[in-house]
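S.K.: So you can see what is in the structure, the chains are spelled out below.
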Amino acid sequence: AQSVSQHNHHVILSEAASLELGCNYSYGGTVNLFWYVQYPGQHLQLLLKYFSGDPLVKGIKGFEAEFIKSKFSFNLRKPSVQWSDTAEYFCAVKNNDYKLSFGAGTTVTVRA
Amino acid sequence: DTGVSQNPRHKITKRGQNVTFRCDPISEHNRLYWYRQTLGQGPEFLTYFQNEAQLEKSRLLSDRFSAERPKGSFSTLEIQRTEQGDSAMYLCASSATGGQNTEAFFGQGTRLTVV
Numbered sequence: 073a074q075s076v077s078q079h080n081h082h083v084i085l086s087e088a089a090s091l092e093l094g095c096n097y098s099y100g101g102t103v104n105l106f107w108y109v110q111y112p113g114q115h116l117q118l119l120l121k122y123f124s125g126d127p128l129v130k131g132i133k134g135f136e137a138e139f140i141k142s143k144f145s146f147n148l149r150k151p152s153v154q155w156s157d158t159a160e161y162f163c164a165v166k167n168n169d170y171k172l173s174f175g176a177g178t179t180v181t182v183r184a
Numbered sequence: 060d061t062g063v064s065q066n067p068r069h070k071i072t073k074r075g076q077n078v079t080f081r082c083d084p085i086s087e088h089n090r091l092y093w094y095r096q097t098l099g100q101g102p103e104f105l106t107y108f109q110n111e112a113q114l115e116k117s118r119l120l121s122d123r124f125s126a127e128r129p130k131g132s133f134s135t136l137e138i139q140r141t142e143q144g145d146s147a148m149y150l151c152a153s154s155a156t157g158g159q160n161t162e163a164f165f166g167q168g169t170r171l172t173v174v
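From first to last, the protein sequence lines stand for chains A and B. If you read the first sequence in this note's numbering, its first letter stands for residue 73, the second for the next number, and so on. If you read the second sequence in this note's numbering, its first letter stands for residue 60, the second for the next number, and so on.
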């Protein structure tokens, strides 16, 4: 069964700092990769996704992620965070089926 | 709002009672999923429907849990004889067909507290 590891449980940083959140998964083969974000009091929203092609994926709100197949990784980055990026971030993986396997999430707190 | 809708948003129930949650997916989506999320964890897959057919149930879904999607539109998740360990956020998601390259859209969830 697929397992997904997110390296950091809680990240605290100041506005304009750069953000990188790690994500590794256990099972190879064909994968679809996702980052979801959950703002306080809101539902899970898709930030970006990788299905195939260019391993550097750009998403909404200035986020990007890089798929490195050899490392089973899909790390999320943002060069300069804003206070509004305070949220919980989840990495998710889908293999050759329909269900998502999620990491435990990383809480990001951006100080103004 | 044409997103995934879940009701109720919050439910507090006494141990041993039965509860039922409803999910209305995005109208053109024929795949529907239920997930459960506990504090400090990511969502965990519970079950999946394609149209009205329930195609998979996780072993997390004990015999006290049952899900239906009778007409291939909305779905219900029922928990019988609730236990304190059932306290969690129950999330519903839906997606369109189109092979593997589809994304799931999530509702806001139903937070269950069993006292």
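These are calculated hints, taken from the structure and not from any lab test. Certain hints may be false.
[Claimed, not checked] Okay, derived cross-link-like pairs now, DMTMM-like style, lysine to aspartate or glutamate, Cα gap no bigger than 20 angstroms in a straight line:
#1 Lys130(A) to Asp169(A)
#2 Lys130(A) to Asp145(B)
#3 Lys116(B) to Asp157(A)
#4 Lys133(A) to Glu160(A)
[As the list claims (entries may be wrong)] Not close to chain B: a few residues of chain A, all C-beta gaps over 12 angstroms, as computed:
#5 Val76
#6 Val83
#7 Ile84
#8 Asn104
#9 His115
#10 Phe139
#11 Ser142
#12 Asp169
#13 Leu172
#14 Gly177
From the three backbone atoms N, C-alpha and C, an ideal C-beta is built for every residue, glycine too.
S.K.: Would you mind marking each hint as holding or not holding in the structure?
M.R.: Verification of the supplied hints:
no.: 1; hint: Lys130(A) to Asp169(A); in the structure: 24 angstroms, violated
no.: 2; hint: Lys130(A) to Asp145(B); in the structure: 37 angstroms, violated
no.: 3; hint: Lys116(B) to Asp157(A); in the structure: 35 angstroms, violated
no.: 4; hint: Lys133(A) to Glu160(A); in the structure: 15 angstroms, holds
no.: 5; hint: Val76; in the structure: 7 angstroms, violated
no.: 6; hint: Val83; in the structure: 15 angstroms, holds
no.: 7; hint: Ile84; in the structure: 17 angstroms, holds
no.: 8; hint: Asn104; in the structure: 6 angstroms, violated
no.: 9; hint: His115; in the structure: 4 angstroms, violated
no.: 10; hint: Phe139; in the structure: 14 angstroms, holds
no.: 11; hint: Ser142; in the structure: 22 angstroms, holds
no.: 12; hint: Asp169; in the structure: 8 angstroms, violated
no.: 13; hint: Leu172; in the structure: 6 angstroms, violated
no.: 14; hint: Gly177; in the structure: 5 angstroms, violated
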